[in-house]
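Undergrad: Sequence:
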Amino acid sequence: THWKHGGLVGIQGYGAGVIGRYTNLTNLPALKGGFHTVRLHQPAGWFYTTEALRGVCDIWDKYGSGMLNLHGSTGDFVLLGAPTDNLEDLFTDYLNAGWDLGGSSSDFRTPSCCNGMARCENACFDTMALFQDLSMSYQDEIHRPAFPYKFKIKISGCPNDCVASIGRSDLAIIGNWKDDIQVDQAEMKAYADAGKDIQGEVIDLCPTQCMAWDGSALKINNKMCNRCTHCINVLPKALSPGKESGATLLVGGKAPILEARSWPRSWCPSSRRKRPSPRSRISLRSSGMSGARTATTASASGSLSSAWAWVISSRPLSSSPTRTWFCTRGKIPTSSTKSTSRKVTRNRRPLPRAITQTTKLTILR
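In my numbering, the protein residues as written are 4 to 368.
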């Protein structure tokens, strides 16, 4: 398939979700009018019923080529090969069946998450609840490109990072814990009695050498632990994440295509439901250069100051959610610029409920 210069394809009222492609294959005459890619918004944790999958395939066989790409690096349910004349009818049938289009182009891309607490004992927060709230809160940003370049959020429930958020996203949300790794010494002894080479398979492979095993008890210097989770993966019955769990936010990514450093910010639950002080905020600004990822632009400019801003701001706790996450043009307001503050925050949107209520995340300073 190939691109074709000139003209646009898409769904009326949407600016994303359909990627224009064309084919030269002679054995597909019905698709000479286009071989477009359609992205369906995935469900949280990739949970499907067989009935839902059959419905997707039946509609796709009716209007498209029948070829599918399930959850590549985009995270969406990708349908390959739809002619231009069928796009509106295809979208209508999927919408009536309970599906919607995902993100594409320079917009807030469809989030992606692991299945977290649904199936994993190491999950440190409810990834699926956060995914759902992000998806529902930013429907306009997902469907209508308004950013200088794409912005991706991927959510992993623990440091194993099963969705590879560090290498594939602009904002990685990874489950973490603040206190010590939980150790069951009786299970450690049981592993040793069963012939497990704890010294060779765990202690010697610890990247920070923060563990010691004397044959009867395991000792961990948790201050040196870098949360690689190798020990927990090898000894799941004896070791588990700490009880004071939450998430760590990484702005940027380690993949070469992102070409940017990461700015880490740690978050964890607060039993008293406190919110961070106004000084605790994460602001990601992009100068608006086409083709530049958020952190790439910030690294090139040497700071986080520019014209576009993704802001997580903090205010005192009140009866209604007051923290906001908004995207706007202009400078970030300060305490001394009241008029600027009114202008900048007029388009603000509430921070998704999964952060403010469900997962109760608070910045660790």
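Worth double-checking, as some hints may not be accurate.
Claimed, not checked - Only pairs whose alpha carbons sit at most 16 angstroms apart, straight line, appear in this in silico EDC-like list of lysine to aspartate or glutamate:
1. LYS181 <-> GLU247
2. LYS65 <-> GLU91
3. LYS222 <-> GLU247
4. LYS199 <-> ASP217
5. LYS246 <-> ASP183
6. LYS226 <-> GLU247
7. LYS226 <-> ASP183
8. LYS240 <-> GLU190
9. LYS246 <-> ASP143
10. LYS222 <-> ASP182
11. LYS246 <-> GLU124
12. LYS153 <-> ASP164
13. LYS240 <-> ASP187
14. LYS192 <-> ASP182
15. LYS222 <-> ASP187
16. LYS222 <-> ASP207
17. LYS222 <-> GLU190
18. LYS246 <-> GLU204
19. LYS240 <-> ASP207
20. LYS65 <-> ASP88
21. LYS226 <-> ASP182
22. LYS65 <-> ASP92
23. LYS240 <-> GLU124
24. LYS65 <-> ASP96
25. LYS192 <-> ASP217
Hints in this document: simulated from the structure, not taken from any laboratory.
Given the structure is predicted, the values throughout are model-derived calculations rather than measurements.
Undergrad: Could you check the structure against the hints above and give me the numbers of any it violates, in ascending order?
TA: 3, 9, 12, 14, 18 and 19
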